[in-house]
Amino acid sequence: MDIKVLGTGCANCRNTIALIEQVAQARGVPVSLSKVEDIKDIMSYGVMSTPGVVIDGKVVHAGGIPARDKIESWLRIPG
Amino acid sequence: MVAAIIQLKHWSKRQPRAFLAVAALIWFGLYQTLLPLSEAAVAGLPVDRASRLGGALQFFFYDTPKVLMLLAGIVFAMGMVNSYFTPERTRALLAGRSEGIANVMAASLGIVTPFCSCSAVPLFIGFVQAGVPLGVTFSFLISAPMVNEIALTLLFGLFGWKVAALYLGLGLSIAIVSGWIIGRLKMEAHLEDWVRDMPRVKADAGENGLTLGERIEAGFASVREIVGRVWPYILAGIAIGAAIHGYVPEDFMASFMGKDAWWSVLLAVLIGVPMYTNAAGVIPIVQALLAKGAALGTVLAFMMSVIGLSLPETIILRKVLKPRLIATFIGVVATGILIVGYVFNAVL
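Going down the list, the sequences are from chains X and Y.
Here the first sequence is numbered in the numbering used here, starting from 1 and rising by one per residue.
Here the second sequence is numbered in the numbering used here, starting from 80 and rising by one per residue.
The shape of chain X in the complex, shown without the other chains:
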């Protein structure tokens, strides 16, 4: 599962990465987590609020730190 977190580096973006890491580890799901900080790259996904989360190329979340159960529902899909 390829997860990208879109954000220009504010606290919310960092916390989102930390939370996803935490949940992925707790569930034992292997993910490749990366951060997209360049604004042009972020805009290429068409999100208007950060932090944004892109899984396997698809935008699943934009704006605010995602709720834990939302992250868990993403990881439940076999990847």
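Mixed in with the good hints, there may be bad ones.
[What the hints assert, rightly or not] Think about it this way: if two alpha-carbon atoms lie no more than 25 angstroms apart in a straight line, the pair counts; the simulated DSS-like pairs of lysine-lysine are: (1) X/K58 <-> X/K35; (2) X/K58 <-> X/K70; (3) Y/K265 <-> Y/K281; (4) Y/K398 <-> X/K35; (5) X/K40 <-> X/K58; (6) Y/K92 <-> X/K70; (7) Y/K241 <-> Y/K145; (8) Y/K281 <-> X/K58; (9) X/K70 <-> X/K35; (10) X/K40 <-> Y/K398; (11) Y/K281 <-> Y/K398; (12) X/K70 <-> Y/K145; (13) Y/K401 <-> Y/K265; (14) X/K40 <-> Y/K281; (15) Y/K265 <-> Y/K92; (16) X/K40 <-> Y/K401.
[Unchecked claim] Partial pick of chain Y residues on the chain X-facing surface, computed with a CB cut under 7 angstroms: (17) S130; (18) V200; (19) P201; (20) L202; (21) L396; (22) K398.
Just so you know, these hints were derived from the structure itself, not from any lab.
We put the CB at the ideal spot given by N, CA and C, even for glycine.
Starting from the structure of chain X, add chain Y where the hints point.
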């Protein structure tokens, strides 16, 4: 305890309207008990109620839960409202509208659309791509951080509805007029080139099929996030207010920020613009200033400058705006705040 909370969560999903009705009733009921409870709390302590300490303690015991409850209630309601006004929907509402009306709409939408300053750039670009006029985008960008529900709630809870209403009205006016002026200046050429080269996007409001239960959850998430983050500042602010309430005599005279000093508003704005704290953090400073006898207009101008214009946001916006446009943005808004401060002082 945890099981009870989980049960409540399920109930809020299955019967959202009933949940909201009951929650509102409980909130109001609790709110009514705050004043008598605060008096009872002071009565229970070995302190003379009529003394300075007694007065300060009663203020603290009353205002702390009062402001926290108000904040929780408003943030919850706004969290729910925010779930309706996504940036995508706001953009769709504004795209292609003629200026004037659009500025008013943009400023008003700035209040109800969720906004975090690190999202300023993606949002700005998104608006530009969909054809929202530059001035209209600015009206939104000015009102969103400045006229936020936290500032309004705290002003209401601590200084009364008139101050809150004034802040709201004046803040919106500044956002509308500043945005309109910037639009008239036709500075589209001062957008960074790569922004103007971004592809056009159709402003489509997108799917937003959230259930009421999910919106309630969004409300709670908002409360956890915001109140969870700002409560220390609120406690500090109220503690200062309590000390002032109990210990500063009623007729304490003005110092350098008094109404009579013509440069007081100018100084307030000059100091406030480069400063930034969140809306809750500025309240202790506002309390202290008012206690020193600063005029209300000066203090409101200071507050607007601090939370409306910030160095971090300016640095972020530098990625999309050329220096001349940033300077214009700051200049127009600061001037607007200045005028508001002076007029306010003059009128009162």
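Which of the listed hints are broken here? 12, 15, 17 and 21
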